[in-house]
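Asks: Residue numbers (the working numbering), protein chains in the order written: chain E, 1 to 188; chain U, 1001 to 1170.
Source of the hints: derived by calculation from the structure; they are not laboratory data. Don't take each hint at face value.
As the list claims (entries may be wrong) - Only some residues are given here: those of chain U computed to face chain E with a beta carbon under 10 Å:
| # | residue |
| --- | --- |
| 1 | R1041 |
| 2 | Y1043 |
| 3 | R1048 |
| 4 | S1058 |
| 5 | K1059 |
| 6 | E1060 |
| 7 | Y1123 |
| 8 | G1162 |
Ideal Cβ positions, reconstructed from N, Cα and C, are used throughout, including at glycine.
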Amino acid sequence: MKKRITVIIVTVIALLTIVSYLISERLNAYQDIEEVIEQEFRTLRQYVEDVYAIEFLDDDRALVFYSWDFPAFYNFGVMELEKTWRGWQFVEAISNRMERKRAWLKGTYAEIGDHAILRGPTWASVDKIEIITADGREYIPELGRAEWQMWYLILEDEPFEEATFILYDSDGEVLKEEVLEFDLNWPE
Amino acid sequence: MNLSLKYKVLMIFMLLVFIGVFLYYYGAKVRQEEADAEALRDYSYIVREYALDAVYKSKENPVEVELYPSAYTEAILERWKAISDRYPEFEYPEAAIEEGDWFKVNRVIKDAEMLKDTVDKMYEDATVEFEGLKGSFTTLLDYIFYQKYEPSNIEDILIDLGFESPREEE
């Protein structure tokens, strides 16, 4: 009798361990994306970071725009997260150094996952940016504000090597017009 | 139901095997995680220090990070090269830079003796008067990486030796 009880106890403990593990995995699926992002920064050791924007490409894909490294925050990152049965998971991250200093605008081209992205810092007084390419396409990039102000554009069509950027203030006045060039082959 | 002694021994043995395998894999996993964390810490340091661009392809088992020099990296290397051209004992790791082995590059410049000797020579070679204490081995690191003049008299020395252009008159 005693032996049978021992067998039952051992089996129950083993089953409980497996079940609790599965439950904890399942709970991960309902986790808060901002907590996941924080955790990923800790893992990547990209400390003292600032998140400018989280863009959901669809229900289970997100891009996080951020800059990191105290005190200058000159490393501009973009991180792709994917939602799986284990919750939000890291896919890839790209960090580009862009020292803002006196420049009105900086920008870099990068490809993350299936997406081509343009992004960079801009002056805090900029309220709207208009991008006009050489072949006449026009875009209005998103602006995100944290330590600096960052503009970003997730391209849906062909990338371009050069474009004119028109910066507007909150009254709609043109602050500055600048031409930026992009290296579409980066990082090769 | 009576379990025979043989069966009991077998059960205990199986249990021990199970625990042993679990502990082995758990230990291996913990060691792997520690190694990954260490690698990511090193990458984070080198990206910051050398103003590098980075692509984090994988953050665990194995960690895969590609590093690329940015325009700001080039500026750091230019300052380093200029000093090395004048003071050849101040090593400039051309091959490691070409290979993109930034950890190797970093080991070269962290030679405190080499840094101190070069700073001392710069103060000797300079023809300008300076006030205050001479720089230490960190003086050159501050200059090369952050273009920071610490102590401030090193700025005049660097201008005098032709590393930096003269300050604009206000």
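Asks: None of the hints should be skipped; say for each whether it holds.
Replies: Hint by hint, here is what the structure shows:
1. Because the smallest distance between the Cβ of R1041/U and any Cβ of chain E comes to about 5 Å, under 10 Å, the interface hint for this residue holds.
2. With a least beta-carbon distance of about 7 Å to chain E, the hint placing Y1043/U at the interface is held under the 10 Å criterion.
3. A least Cβ separation of about 5 Å between R1048/U and chain E falls short of the 10 Å threshold, and the interface hint therefore holds.
4. A distance limit of 10 Å between C-beta atoms decides the matter here; for S1058/U the minimum to chain E is near 8 Å, and the interface restraint holds.
5. With a least beta-carbon distance of about 6 Å to chain E, the hint placing K1059/U at the interface is held under the 10 Å criterion.
6. Given the 10 Å rule on beta carbons, the hint for E1060/U holds: about 8 Å separates it from the nearest Cβ of chain E.
7. A cut of 10 Å between beta carbons decides the hint on Y1123/U: the least distance to chain E is about 30 Å, and the hint is violated.
8. Checking G1162/U against chain E: minimum C-beta separation of about 25 Å lies over 10 Å; hint violated.
Checked against the numbered hints given earlier, this structure breaks hints 7 and 8; the rest are met.
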